[in-house]
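So the sequence lines, in the order shown, correspond to chains A and B. For the record, in the first sequence the residue sitting at position 243 is 929 according to our numbering, with numbers rising by one throughout. For the record, in the second sequence the residue sitting at position 247 is 296 according to our numbering, with numbers rising by one throughout.
Because the hints were derived from the structure by calculation, they are not lab data. Wrong hints could be hidden among the right ones.
Mimicking DSSO-like on lysine-lysine, the simulated pairs with C-alpha atoms at most 30 Å apart in a straight line are [stated by the list, open to error]:
1. A/K790 x B/K368
2. B/K173 x A/K981
3. A/K877 x B/K390
Now the stretches of chain A that chain B is said to cover, found in silico as 3 or more residues with beta-carbon under 8 Å [unchecked claim]:
4. 788–798
5. 966–977
Please read these numbers as outputs of a predicted model, since none were measured by experiment. C-beta: ideal position from N, C-alpha, C; glycine also.
For reference, the chains in residue letters:
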Amino acid sequence: MEIFFQNIFNALQWGSFYALIALGYTLVYGVLLLINFAHGDIFMVGAYIAFFVATFLLGSYGVIDPGTFTGPVIVALAIPATMILTSLVGVALERIAYRPLREKGAHRLYVVITALMCGLLLENGNLALLGASRKRFPDLLEKTVFSLGGISVTNLKILVIAAAIGVFLLLHFIVTRTKIGMAMRAISYDKFAIPLMGIPINNVIVFTFILGSGFAGLAGFLFVMSYPVLDPYMGAIIGWKAFIAAVVGGIGDIRGAFLGGFLLAFVEIGVVAVFPSTLRDLLAFSVLLLILWWKPTGMFGMPQTTKI
Amino acid sequence: MQKYSFKALLLAITVGFVLAVHFQLVDQYVTTVAMLMGINIILSTSLNVVNGYMGEFSCGHAGFMCVGAYVSSVLSVLLFTKDRVFGPALLPEEFAVIGVPVVILIGGVAAALAGLIVAVPSFKTRGDYLAIITIAANYIIISCLENMDVIGGPRGFQGMKRVVGAMEDVWDIPWMPVLVLVGTILSVWAIRRFVSSTYGKGISAICQDEVAAEIMSVNTNKMKLVAFMLSSGLAGVAGGLFAHVYGYVNPQSFNILKSTECLVMVYLGGMGSLSGSVLSAIVFTLLIEALRFAIPALNSLAHQLHMVPASYEIGQVWKWVVLPLILILTMQFRPEGFMGKKELSDFFPFLKKFYQRLED
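Just chain B, same shape as in the assembly:
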């Protein structure tokens, strides 16, 4: 019974959420926030593989997300719907039900290949020089897409809503929440299996001492390749989901600011802590959304108390003042993130029993 309890809990949450969305017990806004949370979880856990477990400083994560988003959206629009630019659909629209998950995975593979831009230099370079390569890679990817007029260039690319609509015509369930949930659970599971396997421990070994790892028969170059490709591939999957959730992508929405968000989530949760990454992704998303409501409330309060001049409105721009401030303060009080290098089960030992049973 205990052995399956965690899986049963996950399944119950998934099914419960999907049913709630389907019967419109939760409104559109909550659904979107939940999906965004899932995407953020994928982003932060996948970046944690490189930045946390391997100890590199990769700060161009959004670039790979961008590749995944564009490849999957172009493919899905090309294959499953009639488009002004690409002409009629190449496959019947009903195929979208199977096709879209496949296309999102293909986006992930493409992003993993783009990860090679970063992975190959990492054989020779470490630390801050690698950081610059990742930033440059982010700029290069965005700049490339902005120069491709066929897919909209800087104006962005859309049409994915029609594909999702076609999926809903075939079978009327909330497809995007389902896909995001499945993607989130699968990617966290994959990362957990990877980093706790004997093979995957190689990346922690590289983090601690590369030379010693090499002597202990860890193929460091191959491990770096695997870690970077896994990380960027999952970022690509997150990008594909993001594109299909919003139905619109724009190169500038994957700029260095988005990468910064990913970095914040990783370091807030703690380097090398998977549950920390999940937790911080959830907290970060909720914090952004909470500020959206808190700021107008603060504004009216400040006006009632005459703390600010009447002509001045505290607008949404304060969100990005308060958010960094909160993060800076968090860093001062917990300089190793929420969890440090620990997992949730280290704080709550009773969880460990479940986890260990799960491993069997």
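Same shape as in the complex, but just chain A:
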């Protein structure tokens, strides 16, 4: 029974990572109908930025005296810094790679290929510049274990899960209740009529990329706090998986991405609990394929209507 609850918390933690990344996919997709395949690598860049920000604040580069800040203060300072810097990376990608193509009216899939290439560029550029040696993220928070009737949960897990839920609620609020959220939904509805309504389409798209990449940076920060080893390829697999989660949830829908992330994590952890761990990918993806066979547009996706 204890193992069962332990696994549930593990699944919730992984689900939070998947959900945070999947939210970025789904936001960009919802607005631009663009699968931003570089998103997993933006997560990786976020993790590296988190590493450099944290070591900077710890005083490794000689600018700040070591011991100026305590661990929790560093976390509180580094999270916003990481999010801002990562969203700059995302916006830079949008400005340099995607927007020129969009303005030339290129086919949607060419933008997708460009995104794939940008992902490879980030991955390998990182590998080339920083070398293949893995970096270790410093321990910032003292590990506190809460135990509730035999179930032990670390404070980090609670932080991760709370962050995912908080981000979800915030995004849901932004998309459904604010003016800019309304503009985002409007762009996904009709990209040609919206500029005529006086909505600055590029600003809204940049805002979308800021949100998506910022939360990828947050996910990167939380991920390296939980699993403190950084390598340049860490974003690739988790990114693909989060994309799959977003699609299973119904891509373009905030609730779908959130639930899809948790669903994928629960399936994965459930498979590992019962079967040998080498079967994890096989069974997890088979389950997701079955879900897509059963509901071809994902859990929350609207069936596309074809007009004649």
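Since the structure of chain A is already known, use the hints to place chain B on it.
Chain B only, in chain A's frame:
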């Protein structure tokens, strides 16, 4: 005379290349690059059937390649050579000469059947949901093979070199270059015949408007089935050739990165342009190989000019930085790929005369 000129040219290139390899006028490296080019041509043209002509976004092409590679290599090792795991050969080794092409074709058929995993959901699903099914299919196929310990699991599978050796014992010609060339020419020919036939135009019709195509009596489900199975079957053939050229396969060499390479070749050449796919496969292969030499040269140049710190070496890892950068820039300047939807004959009208005569 003109009617046969293109075929004669192809034959001359083929025979010339095979003779050059046979008499060792070109070295091993050039031969391998040429074979890799052929395999890449098969991959990019076959993926173009689905991604270009049918307008779907299939991004798990390497998965089908993997099926073809494994099925054909397991069969050829099982049938034609003594192996530690499978025991003695089931057929005399001399049969390999006929057997290996057949086995590679069987690999293609198996890959076409694996293509059903993607084809059947495509009846109901389109666009990005189908993309995810193809990615999942790629992961599932690789994961399946990694869990089969009998054929090596994650360590990979080998022994195909011995089969090729047995073929060369029977008749000493460079078998793999011959097979790759024949496979490349046949598959490009098959795809060309298919997409330009009245029947095959159905897939272009699906790309433009599925509902209208259905009304115009195109059996859309059947066309999708045919297109996916043709595409994945040819990928399987490419996989079989790949396995026999290198003599070693490993599930991870068919992962999503390989699929990405296939996608790049298709979109670089232009969606729905067969000659574009061929051209981009050639350019892509040459680019990878050129970077292999360019990077050490760049490294020594940068060190001479003191542009980088002496402790830092520009290594081969930069290849995968430069390559995406080149591709991103290409996309910015030609956002529809090299050829767009056009064929080579649209750019050089004199080729059209040959092509039209060929159709007669």
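Here is what the structure says about each hint:
no.	hint	result
1	A/K790 x B/K368	28 Å, holds
2	B/K173 x A/K981	10 Å, holds
3	A/K877 x B/K390	25 Å, holds
4	788–798	holds (count 7)
5	966–977	holds (count 6)
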